[in-house]
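**Student:** In case you want the letters, here they are:
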Amino acid sequence: MSAEEVYNRIPMLRAERGVSRKELAAALGVHYQTVGYLERGEYSPSLHLALRIAEYFEVPLEVVFSLKPFPRLGSEVRR
Amino acid sequence: MSERKSFGQMSWAELKRMSWAEFRQAGGWAELGRMNRADLIQLDMLPAWYATRERRRWLAGAGIFALALQWINAAVSWAVGPDDGGSRIILILVAIMMVIYLPAVTLMNIATRGLVELAERHLDERQVGERLRATTIAHRITTGLLTACFAAAVVAGMGGGDDYVVPERAVVMLVIALALTHFVLPLIVSTWRLPDPLPDNEE
Numbered sequence: 001m002s003a004e005e006v007y008n009r010i011p012m013l014r015a016e017r018g019v020s021r022k023e024l025a026a027a028l029g030v031h032y033q034t035v036g037y038l039e040r041g042e043y044s045p046s047l048h049l050a051l052r053i054a055e056y057f058e059v060p061l062e063v064v065f066s067l068k069p070f071p072r073l074g075s076e077v078r079r
Numbered sequence: 001m002s003e004r005k006s007f008g009q010m011s012w013a014e015l016k017r018m019s020w021a022e023f024r025q026a027g028g029w030a031e032l033g034r035m036n037r038a039d040l041i042q043l044d045m046l047p048a049w050y051a052t053r054e055r056r057r058w059l060a061g062a063g064i065f066a067l068a069l070q071w072i073n074a075a076v077s078w079a080v081g082p083d084d085g086g087s088r089i090i091l092i093l094v095a096i097m098m099v100i101y102l103p104a105v106t107l108m109n110i111a112t113r114g115l116v117e118l119a120e121r122h123l124d125e126r127q128v129g130e131r132l133r134a135t136t137i138a139h140r141i142t143t144g145l146l147t148a149c150f151a152a153a154v155v156a157g158m159g160g161g162d163d164y165v166v167p168e169r170a171v172v173m174l175v176i177a178l179a180l181t182h183f184v185l186p187l188i189v190s191t192w193r194l195p196d197p198l199p200d201n202e203e
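From first to last, the protein sequence lines stand for chains A and B.
Position 77, counted from 1, in the first sequence is what UniProt numbering calls 77; the numbers after and before it change by one each time, with no gaps.
Position 116, counted from 1, in the second sequence is what UniProt numbering calls 116; the numbers after and before it change by one each time, with no gaps.
Think of the hints as simulated: they come from the structure by calculation, not from any bench.
Please note that the accuracy of each hint is not assured.
Stated by the list, open to error - Across the chosen pairs, the derived CB separations fall in these ranges:
| no. | chain 1 | residue 1 | chain 2 | residue 2 | range |
| --- | --- | --- | --- | --- | --- |
| 1 | A | Glu-58 | B | Arg-121 | 20 to 30 Å |
| 2 | B | Gly-157 | A | His-48 | 48 to 58 Å |
| 3 | A | Arg-52 | B | Pro-195 | 15 to 25 Å |
| 4 | A | Glu-55 | B | Ile-100 | 42 to 52 Å |
| 5 | A | Val-63 | B | Ala-21 | 48 to 58 Å |
| 6 | B | Arg-37 | A | His-48 | 23 to 33 Å |
| 7 | B | Ala-30 | A | Glu-23 | 29 to 39 Å |
| 8 | A | Tyr-7 | B | Ala-26 | 35 to 45 Å |
Glycine included, C-beta positions come from ideal geometry on N, C-alpha and C.
Working from the sequences, and respecting the hints, build out all of it.
**Tutor:** Written as structure tokens, this is what we have:
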């Protein structure tokens, strides 16, 4: 695992809003494969692209990106 | 009635499924010819040739082999005189090189989605970054090759005495080999490094 890894919730947000990878890529002006690499954590976006992704989903930046892994859904309820 | 897609909005698989009548109705060859390079390269033609990392590395290997043939050509021009069958060897090697080089470069350009080929305005930030990385690695390799050429020329000059002259034909072949290497090595490096994209199972 890279020390500079940035975790994101793009697949979850995309699935929740029913947006395809190609639609998101077109809205952001990037190649659809770039969205794939972002989702897989193989590419960390620039600050500008990260802000545009957050703006697209209408959520704060920290809802989409984090330096630590996001907790699994339901894990807080179990505790 | 559903709206007809233009060629630029279609995938290669959709284009292949079209009948001749549909193809002609959509504008035919004239419309296909009007597409710019950036759109043509996104058509995902012949995906089986570059679908996996292993196959892409075979393609990159074919590109390296074609380049190596041109370097061998330069060495043959240096070592073998035109009257000793050198010209025939060079012609055969050039023919084999072109047969491998042209399809390999075309497929590598499609596989990388024009990462090295297209102007920067057609690329996004990830692609620009990847192009820079590939160019840097290729530049380092080219520097090594230039150093090796220089060392070979110095050694040949020292061993050949004061009146030693590198054959003109060898210099031309060497310049062609260096130019081709400089031109195509970033493409080979980016094809070699390309990770597998996520399967696109969304419509």
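**Student:** Compare the structure with each hint and give your call.
**Tutor:** Outcome of the hint check:
Separation of Glu-58 (chain A) from Arg-121 (chain B) is about 29 Å and conforms to the stated range, judged on CB atoms against 20 to 30 Å. For Gly-157 (chain B) and His-48 (chain A), the hinted distance range of 48 to 58 Å is satisfied, since their beta carbons lie about 54 Å from each other. Between Arg-52 (chain A) and Pro-195 (chain B) the CB atoms are about 23 Å apart, so this pair conforms to the stated range of 15 to 25 Å. Checked against the given bound of 42 to 52 Å, the beta carbons of Glu-55 (chain A) and Ile-100 (chain B), roughly 48 Å apart, stay inside it.
About 50 Å separates the C-beta atoms of Val-63 (chain A) and Ala-21 (chain B), a value consistent with the hinted range of 48 to 58 Å. Arg-37 (chain B) and His-48 (chain A) have their C-beta atoms about 27 Å apart, which keeps the hinted 23 to 33 Å range intact. The beta-carbon spacing between Ala-30 (chain B) and Glu-23 (chain A), approximately 30 Å, falls within the hinted interval of 29 to 39 Å. A hinted range of 35 to 45 Å holds for the C-beta pair Tyr-7 (chain A) and Ala-26 (chain B), which are about 43 Å apart.
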